[in-house]
Amino acid sequence: MKKNLRSQFPLLQADNELVYLDNAATTQTPSVVLDEIYKYYTKYRANIHRGIYDISEHASGAYEQVREIVARFIGADDISQIIFTRGTTESINLVAHGWAETHVQKGDEILVSELEHHSNFVPWYEVCKKTGAQMKIISLSDDFTLDMDAYARMLSKKVKLVCVTAISNVTGTTNDISTITRMAHEYGAKVLVDGAQGVAHRSCDVEKDDMDFFAFSGHKMYGPTGVGVLYGKPELLASMDPFLYGGGMVDLVSLEEVTYRDVPTRFEGGTPPIAQVIGLGAAVQFIETIGIQEICNHERMLSDYAHEKLSKIDGLTLFHPVINGSSILSFSMKGIHPHDIAAICNTQNIAIRAGHHCAQPLMKRLGVSATARISFGIYNTKEDIDALILALHAVQEKFI
Amino acid sequence: MDIYSEIILDHYKHPHHHGLLSDVKDHITVHNPLCGDTITIEVMTDPHDRIENVGFESTGCAISTATMSMLSDRIIGKTCEDVIQMTPEDIQSMLGVTLSPSRIKCAILGQEAVVRSLEHKA
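Chains Y and R, in that order, give the protein sequences. For the first sequence, the positions run 11 to 410 when our numbering is used. For the second sequence, the positions run 101 to 222 when our numbering is used.
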């Protein structure tokens, strides 16, 4: 990284000693994002659409402009393909309820990778329970990458949907999305990509990778909490039922009939998270200003360094692929529970996560009940990793 | 405050009442949905419903394992009601440490396991 970005994050400035290594859970917020949110609340706060006064027009314009910013950022053709939601989970549930429940039936199959977060696992379990379709798991190889041979064998005309993460929130495995979509499309299957761990760390291009649906959250990409995005191909969005019924998404309402507005507004029932959408736009621009490739290179340097340092600790098992491992690394330490690792790191002001990371099927596959996890953001440095390594030695001393 | 006191680490490394009781068939497993930790437990009671013996196996952190170990020592001769009445403060005082809200969840899993096991028998 050309310059230290830590100074742009008020929280990290306020606690200058904090080593924040839990970016996969949520990232910190830079001043430029906070400023935009503050500006909305103090200069032009109003509900959007239909307001015939200046600040409402201003708020509507700012909100809609973020659609353009996001569309350009992920390589979408048209702004109508960008639906604002409350987060990745809601985006995926929108596809599950709005599309899958009416397009998947008994005898069909949904393929879900073993790497998935519960948010890209449980909705499909429920869809299968309701429709009688079958959910099948694309297994993980011992090198923590998806078994692409197994995937190839599982594909058939019965498969209607393939659900994969861009980057695993546990192992940091980066999936080869363009290959996954190409293979699925040969059988007419659609592909939903969970981009929650992807967008802030790697270039994600929905057109180039030919994704059918792409879901992500604002708060894992330096934006505010409570906002997310669903991208969908136009013909798929057009065939989808609304999920949240109410104000804002209707065209005409009478006692006899209700008609709905066009895509994407029909999927944004109720007052949307206006301030958060505006903050999301600022977050995208913040990432673009630094440059996604620069971010990717910086985090690759950190993850290679961490991989090497962690590998040298006796009794430490790393769950992170050597090739295409992103900036998320999980590990366990012999005889020490991950909670205890995280608790002792906390005494050194190092924030790491411990638990099943909402990926219980993956924990089972890895043969553990929980892991400790570190994940990097743009403000992390090699010194942060050095501090972590020292803390892990202190953990071992305590428990041996 | 260092929650990893000598006594907690000792109970974690060498938990008392560890291992399921061979002569009790009814075991109950409880888990902490936040972290996936589990405790499988068997409780033997006498004809007056007092706890006679406890055996457990667990996958958990030092706090949850040490608490289960210390709790097992403490509840012998007690009734289900006695165990139910223990407050999180009682458990922290037994451990001799003050825990953050998220770690209290680790500590009270053992109590839940004992109560569930006794209720299951009733």
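These are computed hints drawn from the structure, not numbers from a lab. Please note: incorrect hints may appear among the correct ones.
Below, simulated SDA-like cross-link-like pairs (lysine to any residue); rule was C-alpha separation at most 25 Å, straight line [said to hold, decoys possible]:
#1 Lys113(R) - Leu326(Y)
#2 Lys408(Y) - Asp110(R)
#3 Lys113(R) - Glu304(Y)
#4 Lys344(Y) - Gly155(R)
#5 Lys139(Y) - Thr155(Y)
#6 Lys408(Y) - Gln192(R)
#7 Lys243(Y) - Gly198(Y)
#8 Lys374(Y) - Gln192(R)
#9 Lys322(Y) - Asn307(Y)
#10 Lys243(Y) - Leu265(Y)
#11 Lys218(Y) - Asn356(Y)
#12 Lys205(R) - Cys368(Y)
#13 Lys344(Y) - Ser193(R)
#14 Lys243(Y) - Glu266(Y)
#15 Lys344(Y) - Lys125(R)
#16 Lys408(Y) - Lys125(R)
#17 Lys125(R) - Leu109(R)
#18 Lys205(R) - Gly345(Y)
#19 Lys205(R) - Ala361(Y)
#20 Lys243(Y) - Pro282(Y)
#21 Lys205(R) - Ser193(R)
#22 Lys140(Y) - Met164(Y)
#23 Lys113(R) - Gly155(R)
#24 Lys243(Y) - Gly85(Y)
#25 Lys344(Y) - Leu109(R)
If you're wondering where the values come from, they're calculated on a predicted model, not measured in any experiment.
Hint-by-hint comparison with the structure:
Under the criterion of a C-alpha separation no larger than 25 Å, the hint pairing Lys113(R) with Leu326(Y) is consistent with the structure, at around 18 Å. For the hint linking Lys408(Y) to Asp110(R), the alpha-carbon distance of about 11 Å falls within 25 Å, and the restraint holds. With a C-alpha separation of about 46 Å, the suggested pair Lys113(R) and Glu304(Y) falls outside the 25 Å cut-off, and the hint is violated. Distance check on the hinted pair: Lys344(Y) and Gly155(R) sit about 24 Å apart at the alpha-carbon level, within 25 Å; holds.
Of the pairs offered as hints, the one joining Lys139(Y) and Thr155(Y) is violated, with about 28 Å between alpha carbons and a cut-off of 25 Å exceeded. Distance hint between Lys408(Y) and Gln192(R) is fulfilled; the C-alpha atoms sit about 21 Å from each other, no more than 25 Å. Pair hint Lys243(Y) plus Gly198(Y) holds up; C-alpha atoms about 14 Å apart against a cutoff of 25 Å. Among the hinted pairs, Lys374(Y) with Gln192(R) is inconsistent with the structure: their alpha-carbon atoms are about 32 Å apart, more than 25 Å.
Proposed proximity of Lys322(Y) and Asn307(Y) is supported: the alpha carbons are some 23 Å apart, at most 25 Å. Between the alpha carbons of Lys243(Y) and Leu265(Y) the distance comes to roughly 33 Å, so the proposed pair goes past 25 Å and is violated. Only pairs whose Cα atoms come within 25 Å are accepted, and Lys218(Y) paired with Asn356(Y) is rejected, the gap being roughly 42 Å. For the hint pairing Lys205(R) with Cys368(Y), the CA-to-CA distance comes to about 17 Å; that is within 25 Å, so the pair holds.
A threshold of 25 Å between alpha carbons decides the hint, and for Lys344(Y) with Ser193(R) the separation of about 29 Å lies outside it, so the pair is violated. For a cut-off of 25 Å, the pair hint linking Lys243(Y) to Glu266(Y) is broken: about 32 Å separates their Cα positions. Under the criterion of a C-alpha separation no larger than 25 Å, the hint pairing Lys344(Y) with Lys125(R) is inconsistent with the structure, at around 31 Å. Between the alpha carbons of Lys408(Y) and Lys125(R) the distance comes to roughly 37 Å, so the proposed pair goes past 25 Å and is violated.
A C-alpha spacing of about 30 Å is found between Lys125(R) and Leu109(R), which places the hinted pair above 25 Å, so the restraint is violated. The straight-line distance between the Cα atoms of Lys205(R) and Gly345(Y) is roughly 21 Å, inside the 25 Å bound, and the hint therefore holds. Between the alpha carbons of Lys205(R) and Ala361(Y) the distance comes to roughly 19 Å, so the proposed pair stays at or under 25 Å and holds. Under the criterion of a C-alpha separation no larger than 25 Å, the hint pairing Lys243(Y) with Pro282(Y) is consistent with the structure, at around 22 Å.
Between Lys205(R) and Ser193(R) the alpha-carbon distance is near 15 Å, which keeps this suggested pair within the 25 Å criterion. Distance hint between Lys140(Y) and Met164(Y) is fulfilled; the C-alpha atoms sit about 22 Å from each other, no more than 25 Å. Simply put, Lys113(R) and Gly155(R) have alpha-carbon atoms about 16 Å apart, close enough for the 25 Å limit, and the pair holds. Restraint check for Lys243(Y) and Gly85(Y): the C-alpha separation of about 12 Å stays at or below 25 Å, so the hint holds.
As the CA atoms of Lys344(Y) and Leu109(R) are separated by approximately 15 Å, the hinted pair is consistent with the 25 Å bound.
The structure fails to meet hints 3, 5, 8, 10, 11, 13, 14, 15, 16 and 17 from the earlier list, while all remaining hints are met.
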